[in-house]
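Here the protein sequences come in this chain order: A and B.
Be aware that the first sequence starts at 1, since it is given in the UniProt record's numbering, and climbs by one per residue.
Be aware that the second sequence starts at 1, since it is given in the UniProt record's numbering, and climbs by one per residue.
Don't read these hints as lab results, they were simulated from the structure.
Keep in mind it's a predicted model, so treat the numbers as computed, not measured.
The reader is advised that the hints may include incorrect statements.
Said to hold, decoys possible - Derived Cβ-Cβ restraints for the label pairs, each shown as a range: (1) Val301/B x Gly41/A: 38 to 46 Å; (2) Gly279/B x Thr75/A: 53 to 61 Å; (3) Ile284/B x Thr73/A: 52 to 60 Å; (4) Val301/B x Glu3/A: 51 to 59 Å; (5) Glu3/A x Trp329/B: 29 to 37 Å.
Cβ coordinates follow ideal geometry from the N, Cα and C atoms, glycine included.
If you want the building blocks of each chain, they are given just below.
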Amino acid sequence: MIEIKDLHKSYKMGSNSLHVLKGINFTAEAGELVAIMGSSGSGKSTLLNILGILDGADSGEYTLDGVPIEDLTETKAAQYRNKFLGFVFQSFNLINYKSALENVALPLYYQKVGRKERQEKALNYLDKVGLKEWASHLPSELSGGQKQRVAIARAMAAEPKVLLADEPTGALDSTTSYEVMALIQKINDEGNTILVVTHEEDIAHMCKRIVHLKDGVIVEDKKVKQVRAEQYV
Amino acid sequence: MFDIERWQEIFDTIRKNKLRTFLTGLSVASGIFILVILLGFGQGMQNGIEQEFKQDASTSVWAWPGVTSKEFKGLNPGRRIQFVNENFNTVSSMYNDVIEYESARIFVRDVTVNYGKEALVYSVQGVASDFQFIENTGMIDGRFINYQDEIALGKVAIIGKKIRTDVFNEVETPIGEFVDISGIPFKIIGVFKEQREREEERIYIPITTAQRVFNGGNRVNNLSYTLPPVQNFDEAVAQAVNFKNSLQTYLQQAHTVAPDDTGAMEVWSAMEEAKRYYGLTGNIKIFFWFVGICTIVAGVVGVSNIMLIVVRERTREIGIRKALGAKPWSIVGMILHEAIFVTAISGFGGLIFSMALLELVGPNIEVDYVVNPSVSFNVAFATVIVLILAGTLAGFVPAWRAARVQVIESLRDE
Numbered sequence: 001m002i003e004i005k006d007l008h009k010s011y012k013m014g015s016n017s018l019h020v021l022k023g024i025n026f027t028a029e030a031g032e033l034v035a036i037m038g039s040s041g042s043g044k045s046t047l048l049n050i051l052g053i054l055d056g057a058d059s060g061e062y063t064l065d066g067v068p069i070e071d072l073t074e075t076k077a078a079q080y081r082n083k084f085l086g087f088v089f090q091s092f093n094l095i096n097y098k099s100a101l102e103n104v105a106l107p108l109y110y111q112k113v114g115r116k117e118r119q120e121k122a123l124n125y126l127d128k129v130g131l132k133e134w135a136s137h138l139p140s141e142l143s144g145g146q147k148q149r150v151a152i153a154r155a156m157a158a159e160p161k162v163l164l165a166d167e168p169t170g171a172l173d174s175t176t177s178y179e180v181m182a183l184i185q186k187i188n189d190e191g192n193t194i195l196v197v198t199h200e201e202d203i204a205h206m207c208k209r210i211v212h213l214k215d216g217v218i219v220e221d222k223k224v225k226q227v228r229a230e231q232y233v
Numbered sequence: 001m002f003d004i005e006r007w008q009e010i011f012d013t014i015r016k017n018k019l020r021t022f023l024t025g026l027s028v029a030s031g032i033f034i035l036v037i038l039l040g041f042g043q044g045m046q047n048g049i050e051q052e053f054k055q056d057a058s059t060s061v062w063a064w065p066g067v068t069s070k071e072f073k074g075l076n077p078g079r080r081i082q083f084v085n086e087n088f089n090t091v092s093s094m095y096n097d098v099i100e101y102e103s104a105r106i107f108v109r110d111v112t113v114n115y116g117k118e119a120l121v122y123s124v125q126g127v128a129s130d131f132q133f134i135e136n137t138g139m140i141d142g143r144f145i146n147y148q149d150e151i152a153l154g155k156v157a158i159i160g161k162k163i164r165t166d167v168f169n170e171v172e173t174p175i176g177e178f179v180d181i182s183g184i185p186f187k188i189i190g191v192f193k194e195q196r197e198r199e200e201e202r203i204y205i206p207i208t209t210a211q212r213v214f215n216g217g218n219r220v221n222n223l224s225y226t227l228p229p230v231q232n233f234d235e236a237v238a239q240a241v242n243f244k245n246s247l248q249t250y251l252q253q254a255h256t257v258a259p260d261d262t263g264a265m266e267v268w269s270a271m272e273e274a275k276r277y278y279g280l281t282g283n284i285k286i287f288f289w290f291v292g293i294c295t296i297v298a299g300v301v302g303v304s305n306i307m308l309i310v311v312r313e314r315t316r317e318i319g320i321r322k323a324l325g326a327k328p329w330s331i332v333g334m335i336l337h338e339a340i341f342v343t344a345i346s347g348f349g350g351l352i353f354s355m356a357l358l359e360l361v362g363p364n365i366e367v368d369y370v371v372n373p374s375v376s377f378n379v380a381f382a383t384v385i386v387l388i389l390a391g392t393l394a395g396f397v398p399a400w401r402a403a404r405v406q407v408i409e410s411l412r413d414e
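Isolated chain A (complex conformation):
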């Protein structure tokens, strides 16, 4: 599903440049649930941004579902993001003047799905994350956990090939974090490929595979026995 070879990325910080990713090789098969771990500055978020086509790499190869991702125009990148990828952010990134339902329906708007079908689908996904009753509420009327569930519903609504979650539990307390992880596990059980960036050990162990990043290189890549989140909820 995801295949990257010798990926490099550096940022210009004034006169000197910061080499963040120093040759990453990584593959993920369909249906995997991978945790990308590392301390801050290890390059894990940068890696996720490149995987999410939110940022470009300096060199290296990236193939997503058999499609080489290189030299994309903004328009093409937007198309790929819309078709292949779903995002969950630490800070939720919901549009604050739109209701939960409208937020979930937004990626479908960019897929040119008709209004009615959009609303139906969005409601369906809200139901899946258990927020059907909250459909007409604004993000400001929802709790952190609810917001993240709306964000997950939004990411799933586009039916992406890969779900990318950047510290999805970073802004949540542990109980809510486990709720969110339980949801992510459920989605993974349905066969979706998910990459989770986190620095929390317990969250990482709820995935099936942990990739450790340190100073821009992968230092460890191991399969783990998944801890089911439901038991903590």
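Go by the hints and put chain B onto chain A.
For chain B alone, kept in the frame of chain A given last:
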């Protein structure tokens, strides 16, 4: 543009950002409002001045005698000039080809006017049949003096509307009634109206009758002419000035007056005077346009400013939308679409409101030199379009820049 989904998206955004939308709209609407009102008053002033000139035929030229103030060819200053029939007849034959209407006029003095037992204090003037067209006199009853009356020394009189209201309020029509002028009965054959009430307090009788019956001899008090209308204003002015100068030269020679003696006689051309006023209104209009355009520029700056703020405020939202698969053009389109929609609605709102105000209040304004302020719809419409285009252009740059920014950077924006 006619994508229904896009419209729904725009309406959603507008509905949820009422204050922002309202403020944008207000600045646009008030800009248009001020411009339209200003232009309206510019037009109103022009109308007012035009009306001031409507009381006489616009191509009229008048000559009035005065008193010489300069010694000339052995004649002392202080000599009173008196025009006579001969002057009139000479001008008439000399400039036969350029004159449209002509009339000498005599003020009949030292006469008493009676209607029945009532003594009237109105001026009596002897004029020719053409005088109606020179003075732009409107007949509201009966007819004016005609050529037949002049030849036959007809004892007929035309009275002003004011006289009819004041004196003939008990009869159904003054036509056919007789007024006594120094004992001689004159039959009223017409009633006229004028722009100014003061000019309706006159009784016109044929000039021939006035000279013969009231001992006028061959004297006339003033000469008046009109020239045929010319389409082009400048040509009309040139024609009027030309004729005025010739007339003046002739009268000065005929009465042995120094060419630079301004007191001896006055020759006046409505056209020339009008040109001076038109020049003035032209300048006023230019000034109003200038102020109006400044207002519009301020409006455009306001709209651009708001666009900048809107884009700035929505940077994060733009990032989110892009992460969800929005293409750059769809972002630019969305922002501009909303901006155009809001500017257009409020621009036309301001236009309709100000035009309605001018329509309702305009005709009731009765101030000297301001008559019926109004504005050409096309001009106002064009202004709104310009404002929309300028606002769009101003909004495009920040929108385009925002759409180009890397998604992660927009998302980092707080």
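Verification of the hints:
1. Val301/B x Gly41/A: 38 to 46 Å: holds (44 Å)
2. Gly279/B x Thr75/A: 53 to 61 Å: Since Gly279/B and Thr75/A have Cβ atoms about 59 Å apart, the given range 53 to 61 Å holds.
3. Ile284/B x Thr73/A: 52 to 60 Å: holds (56 Å)
4. Val301/B x Glu3/A: 51 to 59 Å: Since the Cβ atoms of Val301/B and Glu3/A sit about 52 Å apart, the hinted range of 51 to 59 Å holds.
5. Glu3/A x Trp329/B: 29 to 37 Å: holds (31 Å)
Violated hints: none; the structure is consistent with every hint.
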